[in-house]
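With chain A held as given, fit chain B onto it using these hints.
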Amino acid sequence: MPKASIPLPRPTNLSRPHWDGCKEGVLRVQRCRDCGHFVFIPQPICTRCHADALEWVASSGRGTVYSYTVVHRPPRPAFAVPYIVAIVELEEGWHMLTNLVDVAPADVQVGMPVEASFRPMSDEITLPYFRPRG
Amino acid sequence: MPRSPLHDVAIVGAYNTRQARVLEQPETAVLLDAMRGALRSAGLAFADVDGINVSSSVRRWNPREVVQLLGGRPCWTGVEIGIPAVMEAAFAIASGMATTVLVATAQAAEYTERNLTAPWTRPSNEFVECWGLYTAAEFALIARRHMHLYGTKPEALAEVAASIRTHGAKNPEAVYYKHGEAVTPAEVLASRLVADPFHLLDCAITSEGGAGLVLTSAERARDLGVTPIYLLGGGVDRQGMSYVGPPVWDRYGEVGGRAARLAFASAGLGPADVDVAELYDPFSFEIIRQLEAMGFCKPGEGGDFVMDGRIAVGGELPVVTNGGLLSFSHAGLAQLLQKPIAAVQQLRGELPAALTVPGAEVAITSNGGAGALFCDVLLLGKEPA
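Line by line, the protein sequences are chains A and B. The opening residue of the first sequence carries number 1 in this note's numbering; numbering runs sequentially from there. The opening residue of the second sequence carries number 1 in this note's numbering; numbering runs sequentially from there.
FYI, nobody ran anything at the bench for these hints, they're computed from the structure. All of these numbers come straight from a predicted model, not from anything done at the bench. Quick reminder that beta carbons are idealized off the backbone N, C-alpha and C, glycines included. Treat the hints loosely; a few may be bogus.
Stated by the list, open to error - Here chain B is said to cover these stretches of chain A; the calculated rule only asks that three of the stretch's residues, wherever they fall, bring their Cβ under 8 Å from a Cβ of chain B:
#1 6 to 16
#2 44 to 52
#3 61 to 75
To be verified - Here are some chain A residues the structure puts well away from chain B; computed CB gaps all over 10 Å:
#4 34
#5 35
#6 38
#7 58
#8 107
#9 110
#10 115
#11 120
#12 134
Said to hold, decoys possible - In silico DMTMM-like pairs for lysine to aspartate or glutamate, Cα to Cα no more than 20 Å straight-line:
#13 A:23 x B:129
#14 B:298 x B:254
#15 B:382 x B:273
#16 B:153 x B:301
#17 A:23 x B:126
#18 B:153 x A:107
#19 B:382 x B:223
#20 A:23 x A:123
Pulled out of the complex, with its shape left as it was, chain A reads as follows (with noise of 0.2 Å):
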């Protein structure tokens, strides 16, 4: 498990509902009121039709594995390895990254089912892992 000393997200104005959201236990992501495009890290606009009608939503949390890597040389020792980042293809079809939890390395697929798994690590920061789900 990662230690408490990882550098941890300052939220901005912009983000501050993904986070708010996270320490909730809701995968927080925006969507466009428009054209329906989920929209992922926050943006002011919708990056697919441009219009100013973004408004956050509640993901349901569940997706796949796209892609992954195992880590080995950590970018700081506040990391402790191996540890698995991910990139999570959602249900709704935006990606986001991530770390998996609860499942061995070498049991890690491409397509594998995963769900969010919300760790608090301050008061006021929350972080969406993910681990695997039946």
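Coordinates of chain B only, in the frame set by chain A:
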């Protein structure tokens, strides 16, 4: 396509300072060496230059400050880095804003906290840093998806790394010069894992050094008594900020393809006309990706393409003949300029004999890759377009 103003310009000087893991030299001294060396290579002096794009990583020399350093004569200054800096200088010359431009940069003593990965590998934004992401992991995510889609094997990645590192082993100016002793794919696969599928030897080295280029009009270039290398075409593909969002293969896997098509169209050439490819090689897989994106083979065929010595000097398409980021050097912003510099040295016949591609006329060079969401391309030739 309209005639490119790049065709009016030639590179007349190209120079690398000494490169080393640690130079133990002040960065400013390295920068001055890069500037003087590039001018010497062009047969020119500071007094001949009226355009400057010179910078450094740690002392943070910037072009306007360097103009002042050289006496404060009115000069054009550039703002770009790497291949776009070369093109920007060429556009300034082609449009008459400058006649001769010096582009140079240097880095020394930037990587001091050795318990961390190098500072330029570590992005600090809120959706990346907490996951232990850094450049090796970003590019590994791109490579893994390709391996999943097309069955690309670790052996293909190792073949790329071994081929490029063997070039470096034969280049006395490379940081990892090994008196010609070949690096084998087995050694790459046996080196420790960094971010799988990348082993240590699949990854760029860390080093210090400087580099410089001099450009002038094609017309003036012919009177300098040096071998001019002509700009045939270029392109810039940018898809967003590096290392902020997830590097999703479906969206970014072909970055550089458009830049290459534009460069080829401007030159009236195609991939089959390229004699040597000084492609950007931060990680072994990036070569496979670029060969596909730039049309040297079909999507998914890059892994097979690189096998059996095809990309080694002596093969069908020699790739990264000076040893590249994997062996020659990976220093600050100089490493970006070192791609066109390698092409110029190759086309001028200035590389060691064991690395010279006989009769090479056309070279493609690139900066960037899919983990970084950008890829720039420059085509260079011994003959004008």
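A quick look at each hint next to the structure:
Coverage of a stretch by a chain is defined here by at least three residues with a beta carbon nearer than 8 Å to that chain's beta carbons; for the region 6 to 16 of chain A and chain B the count is 8, and the condition holds. Look at the region 44 to 52 of chain A against chain B: 0 of its residues bring a Cβ nearer than 8 Å to a Cβ of that chain, fewer than three, so the hint is violated. Check on the region 61 to 75 of chain A: 10 of its residues sit with their Cβ under 8 Å from a Cβ of chain B, so the three-residue criterion for coverage holds. With a minimum CB-CB distance of about 21 Å to chain B, residue 34 of chain A clears the 10 Å threshold, and the non-interface call stands.
The claim that residue 35 of chain A lies off the interface holds: its Cβ sits roughly 17 Å from the closest Cβ of chain B, which is beyond the 10 Å cut-off. At the 10 Å boundary, the C-beta of residue 38 of chain A stays outside the reach of chain B, the nearest C-beta of that chain being 13 Å off. Look at residue 58 of chain A: its CB is around 18 Å from the nearest CB on chain B, clear of 10 Å, so calling it non-interface holds up. A cut-off of 10 Å between C-beta atoms confirms that residue 107 of chain A is not in contact with chain B; the least separation is 14 Å.
Some Cβ of chain B comes within 10 Å of the Cβ of residue 110 of chain A; the nearest lies about 4 Å off, and the non-interface call is violated. No Cβ of chain B comes within 10 Å of the Cβ of residue 115 of chain A; the nearest lies about 17 Å off, and the non-interface call holds. No beta-carbon of chain B comes within 10 Å of the beta-carbon of residue 120 of chain A; the shortest separation is about 13 Å. A cut-off of 10 Å between C-beta atoms confirms that residue 134 of chain A is not in contact with chain B; the least separation is 22 Å.
Taking the CA atoms of residue 23 of chain A and residue 129 of chain B, the gap is about 18 Å. The hint holds against a cut of 20 Å. The straight-line distance between the Cα atoms of residue 298 of chain B and residue 254 of chain B is roughly 11 Å, inside the 20 Å bound, and the hint therefore holds. Distance restraint check for residue 382 of chain B and residue 273 of chain B: the Cα-Cα separation of roughly 13 Å lies within the 20 Å cut-off, and the hinted pair is therefore satisfied. Of the pairs offered as hints, the one joining residue 153 of chain B and residue 301 of chain B holds, with about 11 Å between alpha carbons and a cut-off of 20 Å not exceeded.
Note on residue 23 of chain A and residue 126 of chain B: the hinted pairing holds, with a Cα-Cα distance of about 15 Å set against a maximum of 20 Å. The suggested pairing of residue 153 of chain B with residue 107 of chain A holds, with an alpha-carbon distance near 19 Å, which does not exceed 20 Å. For the proposed pair residue 382 of chain B and residue 223 of chain B, the alpha carbon gap of about 16 Å is at most 20 Å, so the pair holds. Among the hinted pairs, residue 23 of chain A with residue 123 of chain A is consistent with the structure: their alpha-carbon atoms are about 9 Å apart, no more than 20 Å.
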